[in-house]
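The primary structure of each chain is shown beneath.
Number of protein chains: 2
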Amino acid sequence: MDSVQVYLNQLISKIAEGNFLALARALTLVENDIAPASDLLKSLSINRAVPVVGITGPPGAGKSTLVNAITDELCGLNKRIAILAVDPSSPFNYGSLLGDRIRMAKHFNHPNVYIRSVATRGSLGGVSAKTIEMVDVLRSSNFDLIIIETVGVGQSEIEIAGLADKTILVLVPEAGDEIQHIKSGLMEVAQAFVVNKADREGADGFANNLQKMVREQQQQIPVFKTVADKNVGISSLCDWILNEGPSDRTKIEYFLAEQAFRLIQNKRMKDIDKNKILTLIKEELASKHFNMYQFVERML
Amino acid sequence: MDSVQVYLNQLISKIAEGNFLALARALTLVENDIAPASDLLKSLSINRAVPVVGITGPPGAGKSTLVNAITDELCGLNKRIAILAVDPSSPFNYGSLLGDRIRMAKHFNHPNVYIRSVATRGSLGGVSAKTIEMVDVLRSSNFDLIIIETVGVGQSEIEIAGLADKTILVLVPEAGDEIQHIKSGLMEVAQAFVVNKADREGADGFANNLQKMVREQQQQIPVFKTVADKNVGISSLCDWILNEGPSDRTKIEYFLAEQAFRLIQNKRMKDIDKNKILTLIKEELASKHFNMYQFVERML
Chain A
2 MDSVQVYLNQ LISKIAEGNF LALARALTLV ENDIAPASDL LKSLSINRAV PVVGITGPPG
62 AGKSTLVNAI TDELCGLNKR IAILAVDPSS PFNYGSLLGD RIRMAKHFNH PNVYIRSVAT
122 RGSLGGVSAK TIEMVDVLRS SNFDLIIIET VGVGQSEIEI AGLADKTILV LVPEAGDEIQ
182 HIKSGLMEVA QAFVVNKADR EGADGFANNL QKMVREQQQQ IPVFKTVADK NVGISSLCDW
242 ILNEGPSDRT KIEYFLAEQA FRLIQNKRMK DIDKNKILTL IKEELASKHF NMYQFVERML
Chain B
2 MDSVQVYLNQ LISKIAEGNF LALARALTLV ENDIAPASDL LKSLSINRAV PVVGITGPPG
62 AGKSTLVNAI TDELCGLNKR IAILAVDPSS PFNYGSLLGD RIRMAKHFNH PNVYIRSVAT
122 RGSLGGVSAK TIEMVDVLRS SNFDLIIIET VGVGQSEIEI AGLADKTILV LVPEAGDEIQ
182 HIKSGLMEVA QAFVVNKADR EGADGFANNL QKMVREQQQQ IPVFKTVADK NVGISSLCDW
242 ILNEGPSDRT KIEYFLAEQA FRLIQNKRMK DIDKNKILTL IKEELASKHF NMYQFVERML
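Protein chains in written order, with the working numbering: chain A, 2 to 301; chain B, 2 to 301.
Careful, some of the hints might be misleading.
Same chains, same label: a pair holds when it works inside one copy or across any pair of copies.
Straight-line distance between alpha carbons at most 25 Å, and here's what the computed SDA-like set of lysine to any residue pairs gives [to be verified]:
| hint | residue 1 | residue 2 |
| --- | --- | --- |
| 1 | K277 | I265 |
| 2 | K15 | K43 |
| 3 | K252 | D230 |
| 4 | K213 | A25 |
| 5 | K252 | I242 |
| 6 | K268 | F296 |
| 7 | K226 | A50 |
FYI, nobody ran anything at the bench for these hints, they're computed from the structure.
In this text, all values refer to a predicted model and were calculated from it rather than measured experimentally.
With the rest of the complex left out, here is chain A (with noise of 0.2 Å):
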C-alpha cells in the first residue's frame, strides 16, 4: 500500500470515530479537489442510513435561526449534527454570496456539532458536485443527523430534494399570496412545510391554506408553525426530523444516477479546454449574429 492510501485510511478511520479535525481536512480535500480527493472518495465507507435534511426556503425565511433552533433541542438529546450551509456564490468571481454566517457562530464550539460553510461556486448547475461529495464523506462520519441548509425557492431547492433524504421547506406568513399559485410541484419538492415567524398576521390563514392544499393532493405532508427565535413549535419539528419514516427510495435512486452520469460526464469532458472555447468565442463575436449551434457543430 503506497503512502497515500496509508495517510487515507488513517484520515478515514479518524473520521469515521468522529474526529472533527480529520473530517475538516477530508472535506477541505474535496471541496477543493486537491490531489487525493477521488482516491478519498473511492475508499469511503459511506453510510447511507445516516438521515439528510434539507432546509431550505426564500431570504428572510429565518432558516439559519431554525437550524439554530434545531440543533439546540438536538443537542439536548444528546445528538452528533453535522450543519452544511450552502452558500450559492457568483460564477464570475469565485466570491462567497453569503459571506459570514454570524448567527450560527453559536454552536460553533459544542462538541456535538460540526457546521461547514460551502460556496457552490463557478458551478453553473445549483448544489454543486462538490456539495454532494462532501455529503459523502459526512455520511461517513458518526454523525446521528446531517442538516443541508440553503436559500432559493428556485432550482436549488429541487436539487437539494435530491441530496436530501427529506427537504423542509420554510416560508413566512407573507409568502401566502405567491405560494396560491404552486400547487403539486412544492409537494414532491418538500416533505414538510415550515411556517416560521408564526407570531406575525396571517399565519394561520396561510398555514391552513398549506394544509388544505396537501389534502386536496392527497399527500402526507405536515405543516409545522414555528416562531424559531422564541423556539416555539421546533419540539414537534424535531420529532418528525428524527422519527419519520424511511426515505422515497425512488427519488434517492433518480438522485444517484443523476450523479452517475455526471461523474462520467466530467471525466470524459477533461480533454476538452475551456479557455479555449473561451478565446474562440471572442473572436466569434465579432459578428454581431454569431450562431451557437453551428460553432458547436464546427468545435466537434
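Given chain A, put chain B in place with the hints provided.
Then chain B, alone, in the frame of chain A:
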C-alpha cells in the same frame, strides 16, 4: 435544398417579420426538441443586439406585477416586447411548479407583446439549455426587448445573470434582515435593485442600506423603489432598461463559452444510456455502503 430546410427558412423569415404564430411554432420545436429543432437553431439569424433583461427575486416580491407594469409602460412607447416566464419544475414528474400566471393574462392579446412560459423540467441545473435556445429564437425576431422572469434567490438568478444582458433583482422591504448578510456577490449578479412594495414600512431604510452597500463596494448599481400594482416608480425603471449603457462583454463571453461547453458535452454523452445507469444503481443500492465513486470507475 430539402423540403425541411425550405420549411425552416419560411418559418425563420416569418419570425423575423414578427409573426407570433411562426414564433410559437419554432419555440415549441425547440422546447420539445422536435426533429428539425437543431437545424432551425443553426439556421437562425440571431440578433445579439436585442437587449435581454432578467427579472428575478424571491417568491412574493411581486415580479409578475412588476413585469406587467413595465410591459404597460413600454407598450405605451410602442415597443415590441417578448416575455419568457421561466417556471422551475420538479425533476420527478415534470410538472410545472408555478402553474398559471394569472396576473399576466392582461397582455396576452396585445399585438406587440409575446408571452411564453417555459418549465425548466428535468434539468438538474437551473436555467435549462432549452431556455437559452428559446431566447436565441426570440432574438431572431423583431423585438425591442426580451424580458426573462424567473423566481429565486439562489442559483437560478446567477444563471439568469449570464443569459440576460442585465438583471434586475426585485426585493421587498422585509428582505432587509437577510440581505444585510449578502454582500458583493449580489452586485455581480444584479445590475439594478428594485425595492418593490415600497409603500410598506421599512422600504426607505432598506433602499438606503442597499445604496450604501453599493457605494461601499464602489459600484454603479441603481436602486429603484416601486409600487408595481400602483404604477409607482415604473417609468424611471423603464428609462433605465431602455437607455442603460452597453452590456458587460466579458460576462457574455463567459456565458457563451459555458453554453458551448454544455452543448459539446451533450453531444458527446448521447451514447450513454441513463436508464441503464439507473437500473445498475438500483441493484447496487442493495449495499448500504454503496460507493458512487467506485461505481463510476467501473462504468468507464
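Could you work out which of the previously given hints the structure breaks and list their numbers from low to high? 3, 4 and 7
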